[in-house]
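From just these sequences and the hints, can you work out the full model?
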Amino acid sequence: MKEAQKIFSRPRSLRNISTHYCGGCGHGIAHRLVAEIVDELGIRERVIAVAPVGCAVIAYDYWDFDCSEAAHGRALAVATGIKRVRPQNIVFTYQGDGDLAAIGTSETIHAANRGENVTVIFINNAIYGMTGGQMAPTTLLGQRTATTPAGRQIGVHGAPLKISEMLALLPAVKYIERVSLHSPQEVLKAKSAIKRAFQSQIDNLGFSMVEVLSACPTYWDMPPKKALDWIRDVMSKEFPLGRIK
Amino acid sequence: MAKVKIDIEKCKGCFLCVSFCPKRLIKPDSKLNRRGVRPAKMEIDSQCLGCAMCAVICPDCCIEIYK
Chain A
16 MKEAQKIFSR PRSLRNISTH YCGGCGHGIA HRLVAEIVDE LGIRERVIAV APVGCAVIAY
76 DYWDFDCSEA AHGRALAVAT GIKRVRPQNI VFTYQGDGDL AAIGTSETIH AANRGENVTV
136 IFINNAIYGM TGGQMAPTTL LGQRTATTPA GRQIGVHGAP LKISEMLALL PAVKYIERVS
196 LHSPQEVLKA KSAIKRAFQS QIDNLGFSMV EVLSACPTYW DMPPKKALDW IRDVMSKEFP
256 LGRIK
Chain B
37 MAKVKIDIEK CKGCFLCVSF CPKRLIKPDS KLNRRGVRPA KMEIDSQCLG CAMCAVICPD
97 CCIEIYK
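Chains as they are written, first to last, in this note's numbering: chain A, 16 to 260; chain B, 37 to 103.
Just to be clear, a hint being listed does not mean it is correct.
[As the list claims (entries may be wrong)] Think about it this way: if two alpha-carbon atoms lie no more than 30 Å apart in a straight line, the pair counts; the simulated DSSO-like pairs of lysine-lysine are:
no., chain 1, residue 1, chain 2, residue 2
1, A, 189, A, 210
2, A, 210, B, 103
3, A, 204, B, 103
4, B, 77, B, 63
5, B, 67, A, 210
6, A, 240, B, 46
7, A, 204, B, 77
8, A, 241, B, 41
9, B, 39, B, 77
Keep in mind that the hints were calculated from the coordinates and are not lab data.
See the structure below:
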C-alpha cells in the first residue's frame with residue numbers, strides 16, 4: 016500500500032496557533048482562505064495586509080506575512096499610503112462591517128472612487144461582534160441586537176446599508192463580488208472570488224472588493240449550524256450573492 | 037482509504053464538521069479538551085471518503101486529511 020498523502024492541512028501563511036474567535040465564527044474560515052490564496056499565488060513575500068478594528072483586530076498574529084494595523088475604519092487610507100509608496104507590493108485590507116461600513120464609510124467610498132489598486136476583504140456579519148452585539152449599518156430589518164431589542168425598524172434606524180452595490184456605481188471600481196461562508200461549497204466559491212480579487216490587483220486593474228457573509232453565532236444568539244442556515248435562508252435574501260461588478 | 041486527523045486542543049466544539057460530514061462519521065467526543073469543550077471526534081475512520089467537507093468548513097483549521 017502506498018504512503019498516505021496529505022490532501023488538506025493548514026496553509027503555510029497561517030500561523031499554527033489557536034485564534035481568539037468564538038466557536039463557529041466565520042473569521043477563522045476567511046483567514047484561512049486568504050492564507051491559502053497567498054500561498055497559491057506565491058505572493059507571501061510581497062503581500063501586506065491592513066488589519067481593522069473589530070474582532071479581527073489581531074489578524075496580524077494569525078497571518079505569517081507582513082501586516083499593518085489601522086485606526087478604526089481607516090484601513091483603506093493606510094492601504095492607499097502603502098500601495099502608493101510600494102506599488103510592487105500586493106496590499107489588501109481585511110475589514111468588518113462596523114469598520115468598513117460605519118466609521119470608515121468615507122475612507123471606503125473615496126478609496127474606491129480614486130480607484131486605488133488594493134483589494135478589500137469585507138466581512139459582513141450584520142452586527143458589531145467585538146463590542147457586544149450592537150446594531151451595525153448592515154443589520155437586517157427586524158433583527159434583534161443589543162441596541163435594537165425590538166428589532167431594527169426602517170423609520171428609526173434606516174435600512175441595511177449595501178456597500179457593495181453602492182461601490183459598484185463608481186467607475187474606478189473593477190471587481191466586486193458577494194460570497195457567503197454558509198456551507199463547504201460556498202466556502203470554495205468564496206475562495207475563488209477572493210483569488211480573482213487578488214489577481215485583479217496583480218494585473219493592475221484597480222479597486223477590488225469581496226464581501227463575505229459570515230456568521231456571528233454568539234451575538235446572533237444561535238448555535239453555529241443554525242447561524243449558517245440563517246445566512247442561507249434570511250441574510251442572503253437581503254444581500255444577494257454573486258458577482259456585482 | 038482516507039484518514040482524518042483532528043487537533044482536539046484547537047477544537048472549539050462548534051461541530052460544523054459534524055453537521056457537514058456527508059456520511060455522518062464525525063461525532064462529539066465524550067471527553068473534554070483543555071479548553072473545557074467536547075471536541076469533534078472521527079468515529080468510523082474506515083468509511084471516510086476524504087471529501088474534506090469537514091476541513092473546508094472548520095473555522096479553526098483543526099482538521100488534516102490524508103488519502
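Now for the hints, and whether the structure bears them out:
1. A:189 with A:210: It holds: about 14 Å lies between the C-alpha atoms, which stays within 30 Å.
2. A:210 with B:103: Holds: residue 210 (chain A) and residue 103 (chain B) sit about 26 Å apart, inside 30 Å.
3. A:204 with B:103: Roughly 23 Å separates the two Cα atoms, so the pair holds.
4. B:77 with B:63: It holds: about 5 Å lies between the C-alpha atoms, which stays within 30 Å.
5. B:67 with A:210: It is violated: about 39 Å lies between the C-alpha atoms, which goes past 30 Å.
6. A:240 with B:46: 19 Å, holds
7. A:204 with B:77: 27 Å, holds
8. A:241 with B:41: Between residue 241 (chain A) and residue 41 (chain B) the Cα gap is close to 25 Å, so the pair holds against 30 Å.
9. B:39 with B:77: 12 Å, holds
Figure legend: structure checked against the earlier numbered hints; the only hint not met is number 5.
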